[in-house]
Amino acid sequence: MALKLGRFLLLAGALGGGYAAVRWNAQSAPPTPLAVKFVPAPLHPAPPDPLPKVMEPPPVSEVSPPQTPADGCVSPLPSLPAPKPPAGLNGQLGLYAAVIDPQTLQPLRAVSSLPNAEFPLASTYKQAVLWALLRQVDAGTFDLNQKFSVNRRTQSLGAYPYDGSTARALAERMIQFSDNTATDLLHRKVGLQNVQNVADDLKLCRTRLILPTKDWWTAQAGLSPTFAGTKLWAEATGKKRAQLAELIDQDAQKQRPDYLQRKLDEYFDQRYDAADDLSVHNFSTPYELSTLVANEFLRSGLTPKSQEIQRKLMALGCCKSGLLPIPVEIWGGKGGNGWKILTFSGYFKTKGGEHVVYAFMLHGSEQTYTMPLTRSAFKWIRSALGEILVAGDGGKTLDAPAPPPNP
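For the sequence shown, this note's numbering gives the first residue as -7, with consecutive numbering after it.
Please note: incorrect hints may appear among the correct ones.
[What the hints assert, rightly or not] Below, simulated DSS-like cross-link-like pairs (lysine-lysine); rule was C-alpha separation at most 27 Å, straight line:
| hint | residue 1 | residue 2 |
| --- | --- | --- |
| 1 | LYS181 | LYS341 |
| 2 | LYS246 | LYS232 |
| 3 | LYS371 | LYS343 |
| 4 | LYS343 | LYS304 |
[Unchecked claim] Pairwise CB distance ranges, derived in the manner of DEER restraints:
| hint | residue 1 | residue 2 | range |
| --- | --- | --- | --- |
| 5 | GLN262 | PRO319 | 45 to 51 Å |
| 6 | LYS223 | THR96 | 39 to 45 Å |
| 7 | GLY132 | CYS65 | 40 to 46 Å |
| 8 | LYS304 | PRO94 | 44 to 50 Å |
| 9 | LYS232 | SER313 | 27 to 33 Å |
FYI, nobody ran anything at the bench for these hints, they're computed from the structure.
Heads up, the beta-carbon is just placed ideally off N, CA and C, and yes, glycines get one too.
Input sequences plus hints: build the corresponding full structure.
Written out as structure tokens, the structure is:
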């Protein structure tokens, strides 16, 4: 029973409560995880070039423009290699951290590891639901005072809000406590494609945000006839992806949460394959997630009122304290975890006035319950930030020798 309880908490979309992940108590860890063979996620590395050894921020007029290949998708500029990850981290690891120009959002100094590799997002995707929601608030098509009810169709895994919760209350639960049912209620109300549009409008071609939480678990448990009956989903985009997503969502809403949990337990016990994660989860790359975060905070297109709500709610996410002792003036972030999955993303402005984004991604960990890896994850994030921040602002001196470029 202990394993089942631990797994339920895992799949409930943990990382709620802001700093709880950093203060995690090892005594609450579940039993030793099952040994599962990891199948690496597909990699799409972009060949980086060296940066100048003296990494002084260029004037805005000298910042390189975004790269947009013939396919119209964004592509990262060259970056220096991220420091070696701590020994406690395992599985496939991705990281992107950059000081960005607040006007162009282009990187002034950046380090990365597998910036173009695709990773499952888990609950980190929920910030896109908030952004899409606030877009509709500004358009006059969504009311934050609207109330929602919960029933068997709309309830996802984990704790869920009481009936009569307002959209504002659900949004707060979604970010602070990573509540899955709150997320799904808002995601469906906003519209599946409208959440995906957050990525599509930014030309983030390796980012999928379209499925509510209950949908990907239903597909992974083998309970979606739509998902099981087509080979088109993995490569689907545009209208075809939207049509399939709506059908998968209809399949998911037919499942009782307790039955879904039981079938999901059976899947993880008997036939888990890490390759399935990228088939069913929303996903992104370290670079594309950082690009989304940069736009979300600095070029959201929201009204000042909605931008203020967005920043207040994102400040409830995880895990600001993991950045200490970097002097942070403004911050917002979101984390996510799942079976062998751990993700963190964030934006902050230092007291020295620099704007910074980061995205950490882990897939296929040797540990099924990945929350204990939070400290190691932020140790790596802080180490990467130390390479791009200036002395007195959490980083090294400007004239420190630059590390060798990525091969």
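List of violated hint numbers, smallest to largest:
As far as the earlier hints go, 1, 7, 8, 9 are violated by this structure, in ascending order.
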